[in-house]
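Undergrad: If you're matching them up, the sequences are chains Y and B in order. Using the numbering used here, you'd call the opening residue of the first sequence number 57 and step up by one each time. Using the numbering used here, you'd call the opening residue of the second sequence number 2 and step up by one each time.
Don't read these hints as lab results, they were simulated from the structure. Among these hints, one or two may not hold up.
Here are the simulated lysine-lysine pairs, DSS-like style, with alpha carbons at most 30 Å apart [what the hints assert, rightly or not]:
#1 Y/Lys611 x Y/Lys642
#2 Y/Lys625 x Y/Lys168
#3 B/Lys136 x Y/Lys358
#4 B/Lys136 x Y/Lys623
#5 Y/Lys319 x Y/Lys353
#6 Y/Lys209 x Y/Lys264
In silico negatives: residues of chain Y with every beta carbon more than 12 Å from chain B [claimed, not checked]:
#7 Val201
#8 Ala214
#9 Lys576
Each residue gets a CB set at the ideal place from its N, CA and C atoms; glycine is no exception.
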Amino acid sequence: MRELDGGRWTVLIVLALGAVVAGCSTKGPGADSRDGHRDTTAEARAALEAPHADSVHNALGRAAPGSFPDAIPAGADHGAKPGEWTMPGRDYVNSRFSPLGDINTANVAQLKVATSMATGVLNGMEGQPLVVGTTMYVVTPFPNVLTAIDLTKPGGAAKWSYEPNPDPRSVGIACCDIVNRGAVFADGKIIYSLLDAEVVAVDAATGKAAWRTRVGDINLGETFTAAPLVVGNNVFVGNSGGELGVRGYIAALDLKTGAVKWKAYSTGSDADVKIGPDFHAFYPKDQGKNLGETSWKGDQWKLGGGTTWGWISYDPETKLLFYSTGNPGVWNPDMRPGDNKWSITLFARDPETGNAKWAYQFVAHDAWDYDEIMENILVDMPVNGKTRKLLVHPGRTGFAYTFDRETGELLAANTFQPTNWATAVDLKTGKHLEDPTKRTHAGVVTRDICPSSTGAKDEQPSAFSPRTGLVYIPAHNVCMDYEGVEANYIAGTPYLGASVKMYPGPGGYRGELVAWDPIKAQKLCGVKEDLPLWSGVLATAGDVVFYGTMDGWFKAIDARSCAELWKTKVASGIVGNPIAYSVDGKEYIAVYAGIGGWMGAVAFPDISTDDPYTALGVAGAVPDLKQKTNRGGVLYVFTL
Amino acid sequence: MSSPSDRGVHRARIGVAAWLTVVASATALLVACNNRTDVAGGAQPASTFYIGPQPGPDRTLARAENPYHDDRTVLAEGRRLFNWYNCSGCHGDHAGGGMGPSLRDSSWYYGGDEASIFASITEGRQHGMPAWGTKLPRDQIWKIVTYIKSLRTPYEPDAPR
Chain Y
57 MRELDGGRWT VLIVLALGAV VAGCSTKGPG ADSRDGHRDT TAEARAALEA PHADSVHNAL
117 GRAAPGSFPD AIPAGADHGA KPGEWTMPGR DYVNSRFSPL GDINTANVAQ LKVATSMATG
177 VLNGMEGQPL VVGTTMYVVT PFPNVLTAID LTKPGGAAKW SYEPNPDPRS VGIACCDIVN
237 RGAVFADGKI IYSLLDAEVV AVDAATGKAA WRTRVGDINL GETFTAAPLV VGNNVFVGNS
297 GGELGVRGYI AALDLKTGAV KWKAYSTGSD ADVKIGPDFH AFYPKDQGKN LGETSWKGDQ
357 WKLGGGTTWG WISYDPETKL LFYSTGNPGV WNPDMRPGDN KWSITLFARD PETGNAKWAY
417 QFVAHDAWDY DEIMENILVD MPVNGKTRKL LVHPGRTGFA YTFDRETGEL LAANTFQPTN
477 WATAVDLKTG KHLEDPTKRT HAGVVTRDIC PSSTGAKDEQ PSAFSPRTGL VYIPAHNVCM
537 DYEGVEANYI AGTPYLGASV KMYPGPGGYR GELVAWDPIK AQKLCGVKED LPLWSGVLAT
597 AGDVVFYGTM DGWFKAIDAR SCAELWKTKV ASGIVGNPIA YSVDGKEYIA VYAGIGGWMG
657 AVAFPDISTD DPYTALGVAG AVPDLKQKTN RGGVLYVFTL
Chain B
2 MSSPSDRGVH RARIGVAAWL TVVASATALL VACNNRTDVA GGAQPASTFY IGPQPGPDRT
62 LARAENPYHD DRTVLAEGRR LFNWYNCSGC HGDHAGGGMG PSLRDSSWYY GGDEASIFAS
122 ITEGRQHGMP AWGTKLPRDQ IWKIVTYIKS LRTPYEPDAP R
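Chain Y on its own, in the form it takes in the complex:
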């Protein structure tokens, strides 16, 4: 499988694989071909294929996962106290691991509500609050109100609110609910994006705006939903609008003034993409000049997507910024021949200049809307006895990838949910071995594609525990039919070009919390759920992992065995990311309830489920959501 030299061999092998896969209909996890994956023992494969509905025990039946105390790079939390949460993913590397351990496997069953506060907004509460000192900061979906809560007062008391009044016209161009994925604290300011493509910095003590910058243009269909990250004197923000032909970029703003210093685009010339003499892509498929133009037909790169609405990471050791890009604009692949670089690409950049150091395009010429804006978790762990600087990326594609983050070499990649558009990744070339019958085209319906466009996971972020060495992934099991259709570009309106219908994947479950070993690239255990998991995950030093379901169950499981330890019902489905913090030495867990987001919007009254193609196809995946939950944003805080 790895000796794929010569075009003829490649074609023959791909065709053979295609015949094998075409002959099997999609089934449970056992249907995935393991050909081409290193380090998979027969025993582990058998364990993965075992048809148990709830994998609550160690799949290998033996010793619990090991401990990797140095896995999170030093300096990753940038001096935050253990009881604080000052960045979206708690630290620069997006571990979402809290060093607090008072709430643990022995006592988490006693967790109870400490306080709850309605946010006053009915849209999806993605993102997470921040805790700086003894103040919590909450950002709502549009209209993006920021509220500071004094955690020393009984029940928490709001101190002030900052109401930015973003342009309401942005509401109609946000593809997937009018969400906000959170703020970042730096230099005494709370900094976050507004839906109308502005970025604001608010004084954390007084609630007065320090600066406010218009970065993008809603008339082009551009919105901002992602959480920023601050490194040194730079505020990094990404943009949204891949469904409206928006050209993606990451922007750097001056932390003191808010002035835009540079934008590194996802398409266009090497100059626009900031690819220069320092750039060394690991794989030949990603090497060449001006690929951001030449891998497109004519001027199509100008509408080329590659938006950057997910999570940004920073490595304090190698001083590299990491993020990855979204779909290549129009969903009809026949309208944009070529590899469509640099959509669906992982970038490593110098945070000062923006210059790219390396890049890896996950999917060339995407035909499924597999935005790879996922969290890139940076950990240092031993591979074959030697500590390597790794990057773990659980993908929309159904594969979870482990890279060497210094070079961009792919060390391991395996599927973590039923996947059939590709069967494996060739680690030598970096290319997925695709099933050509699952490629979508204009004017023809391609059926039974797994995962669906929402992916084996979407933006909801995973967590890592250095105490187990595992990555906890909130996964989906949803498949789709997809037909490319002709699309017209009318600026400020959708540039979509596909008719998509989704439905549950095989196996009788639609979501799973997967405990994933990033070195072996395999699942250790998991918890299957009725609905796809659209919440983020929290891992703590108490060896507890927290996550929430779309019908409003907030759950705690054992980080080593996946056994469910506690759950409680909250007012609305959970699409936000839990955090842990402490005040006066007491540990608390906070999470937003408030259904919404792309798939969660099916619960809204103004979405009709008699058409499974509604909302870009998600209505077919969760037609029962309206019966299972209703809207209403509420902040919940739990404690012992």
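Given chain Y's structure and the hints, the job is docking chain B onto it.
TA: Here is chain B on its own, set in the frame of chain Y:
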């Protein structure tokens, strides 16, 4: 308090002034009431498209009508235009909703009668509905309105399966 004779003199003077005021006001009111389209200064009303109730007393102002009302021969074209202008991108493949609200259900923010739908498409709305009236001819917008009114009826073209 004044003497009876003083009150009589004052009453006569006040009475003339009062009568003049009454006559003048009555004339003005008569003029105003009898002129049905009179706004301040006798100008024409701003619009024949309206969603809220007409203020009185006269409420006979004609409303814009769909020239294709009940004309099923335009439904296929209305459906085609619905896709062509990216309406399906925001409102869903078969108008079930997405970025914009469902047009299949009976809940309408700005009115679900044909004239109101026409107004919403033509003028745009504040949460991002574009003002298509600045680009499209009325004829095409009425055809799209006709298609929208056919949703969830037996005549809906290309109904979802």
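Undergrad: All the hints need checking, so say for each whether the structure fits it.
TA: To see whether the hints hold, each was checked on the structure:
Note on Y/Lys611 and Y/Lys642: the hinted pairing holds, with a Cα-Cα distance of about 20 Å set against a maximum of 30 Å. A hinted pair counts as satisfied when its Cα atoms are at most 30 Å apart, and Y/Lys625 with Y/Lys168 qualifies at roughly 11 Å. Restraint check for B/Lys136 and Y/Lys358: satisfied, since their Cα atoms lie roughly 23 Å apart, inside the 30 Å limit. Taken as a hint, the B/Lys136 and Y/Lys623 pair is broken in the structure, with Cα atoms around 54 Å apart against an allowance of 30 Å.
The hinted pair formed by Y/Lys319 and Y/Lys353 meets the criterion: a straight-line CA distance of about 23 Å does not exceed 30 Å. With a C-alpha separation of about 22 Å, the suggested pair Y/Lys209 and Y/Lys264 falls inside the 30 Å cut-off, and the hint holds. Against the 12 Å criterion, Y/Val201 stays outside the reach of chain B, whose nearest CB is about 17 Å from its own CB. At roughly 27 Å, the least C-beta separation between Y/Ala214 and chain B is larger than 12 Å, which holds for a residue marked as non-interface.
Non-interface status of Y/Lys576 relative to chain B is upheld: no Cβ of that chain comes within 12 Å, the nearest being about 40 Å off.
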